[in-house]
Amino acid sequence: MFDVTLSNIHFSYDHNVVLQDISMTIAKGDFVAVVGPNGAGKSTMLKIMAGLIKPTQGQVKIGKKNILEARVQGLIGYVPQNYGKNVLGFPATVEEIVSLGLTLGAAAPRQNKLATKHIIHHMLELVGAENLRNRRIGELSGGQQQRVMVAMALAGNPELLLLDEPTSGVDYEASDRIYDLLGTLNKNLGITVVMVSHDIDKAIQCANKVACINKGLCFYGSNQEFNATHAQARHLWYYTG
Amino acid sequence: MEFFQYDFMQRAFLAGIITAIICPVIGSFVVVRRQSLIGDGLGHIAFAGVTGGYMLGIYPVLGAFILTMLGAVGIEYVRRKHAQFADMGLAIFFYSGLAMAIIFSTITRMPSAGLLSFLFGSIITVSAVDVFIITGCGALVLAVVYFLFDKMMLMALDEDIANVAGINTSMINMVFSLLTATVIVVGMTVVGILLVSALMIVPVATAHLLRVGFKATMGWAISFSVLSVVVGLTSSFYLDIAPGGTIVMTAIIVYVVTMVIRELIGIKLRTEKSSAFAGNQKNN
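Chains as they are written, first to last, in numbering that gives the first Met the number 0: chain A, 0 to 240; chain B, 0 to 283.
Think of the hints as simulated: they come from the structure by calculation, not from any bench.
Each hint should be verified, as a subset may be incorrect.
What follows is a list of derived Cβ distance ranges for each label pair [unchecked claim]:
#1 A:Leu67 x B:Ile106: 46 to 54 Å
#2 A:Gly137 x B:Ile251: 41 to 49 Å
#3 B:Val229 x A:Gln58: 53 to 61 Å
#4 B:Leu61 x A:Gly88: 35 to 43 Å
#5 B:Val128 x A:Asn65: 46 to 54 Å
#6 B:Met170 x A:Asn65: 16 to 24 Å
#7 B:Phe146 x A:Leu67: 19 to 27 Å
#8 B:Met170 x A:Lys63: 22 to 30 Å
#9 A:Tyr171 x B:Asn167: 35 to 43 Å
#10 B:Leu13 x A:Gly182: 58 to 66 Å
#11 A:Asn15 x B:Gly135: 46 to 54 Å
#12 B:Leu141 x A:Gly137: 24 to 32 Å
#13 B:Glu1 x A:Asn130: 52 to 60 Å
Predicted model only: the values in this text are computed from it and were never measured.
Ideal Cβ positions, reconstructed from N, Cα and C, are used throughout, including at glycine.
All chains should be modelled from the sequences, with the hints used to inform the complete structure.
So, in structure tokens, the structure goes:
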């Protein structure tokens with residue numbers, strides 16, 4: 000287990016500043032909700048944390064390792080926002096998708112068939128999708144797909160789980176189930192969770208820390224502190240940026 | 000099985016079945032990566048390689064192999080650098096291949112019989128050496144796919160997830176492009192440059208109709224592809240028609256028949272469901 004440290008992160012694209020001077024430390028076992036208006040740079044920050052984008056300036060460290068080393072060791076699980084376009088029509092069963100999680104991380108050993116079945120069953124049980132194992136991923140609802148993608152990420156046994164808008168395009172009830180699931184995983188398995196969300200109220204309920212991004216870091220602290228200091232202004236801030 | 004008495008037909012069947020196995024194996028990934036036209040792009044580059052090889056006085060298939068490999072590297076480079084315009088890049092390679100082929104064949108005045116055999120396939124003229132090369136290439140393709148299967152499948156699902164997991168996606172993408180190029184050159188001998196892509200895509204499209212998992216889809220695609228080659232070759236022997244066309248037409252007929260059967264089964268299931276529903280309503 001480890002802390003995640005972002006030091007002086009800047010990111011610009013075609014002379015447009017997307018992120019500037021973001022520094023924060025995410026303690027092991029934290030559940031951080033990253034919130035902010037559209038175009039604030041939330042997803043970019045998550046991609047920088049995942050090592051998918053190189054910051055113009057600054058660095059991300061996971062424990063003492065730089066992000067590339069951590070990736071190779073399979074420490075990070077990532078659930079992107081736009082996987083849906085690939086999943087639609089993808090001819091794979093839920094069981095096959097989750098089994099891909101076992102290959103995550105270059106050093107991931109090949110499991111024997113029995114162990115693989117057992118792990119897949121356990122992961123699907125964790126996310127409440129054991130009854131879906133033989134269904135094709137493209138035939139599932141958005142909420143069910145999201146749970147399967149989380150199960151796949153968990154199969155890689157990550158210590159840090161990064162999720163980009165996990166409830167985007169998902170109905171209210173399914174969205175509640177996903178938040179509950181992430182809260183349970185964080186509490187019971189001790190996985191550090193960083194989740195970008197547009198649903199500020201729900202996100203704050205299930206996370207223990209809040210990071211407000213609007214190019215720069217506007218706020219980073221506990222959800223109680225956020226509620227106490229930003230409760231009145233947060234909706235106005237959220238919609239006006 | 001009169002045709003098995005002929006050595007050339009035995010070689011044709013062997014080369015055809017190996018090609019029928021490796022084409023849908025690569026095709027299964029090509030389809031889910033939404034690169035169905037890559038076979039056509041590389042096929043036209045292979046055509047330029049054939050005519051270029053003839054012009055330089057080297058074995059045309061070797062010329063095709065070298066240029067197709069270079070084309071595959073180029074297509075992959077453009078796909079990585081300009082992801083939003085990947086199809087446009089592929090189209091440019093496609094046209095370049097065709098243009099070069101026209102120029103090379105005009106310069107060398109390549110005999111039309113030779114050109115046609117590469118365009119439409121010449122499986123009947125496959126030599127023992129060709130069979131040996133096709134077997135070697137087939138074994139190499141299957142071995143690489145076996146070892147990289149999970150990683151290639153994950154990358155087809157979402158390349159970002161694979162990247163975050165520490166998988167060297169650039170390397171695997173390049174390997175995949177080179178495998179595709181190998182399959183194109185091998186398939187070129189069997190069904191020809193113009194139809195090789197069909198053998199990569201059509202059996203996979205048929206298998207997709209069955210709505211099964213990824214590995215099962217690949218298994219069914221191989222079965223449909225082998226069936227198409229066997230039926231296509233046999234009918235071409237008796238009807239005295241070019242085998243490339245009969246093989247691909249068989250694959251397309253299998254697709255249409257599968258689709259019709261699936262629709263009929265769907266209609267039957269829906270009718271049974273509504274009858275059961277009406278029966279329940281009546282009883283209530």
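When the hints from earlier in the document are held up against this structure, which numbers fail? 2
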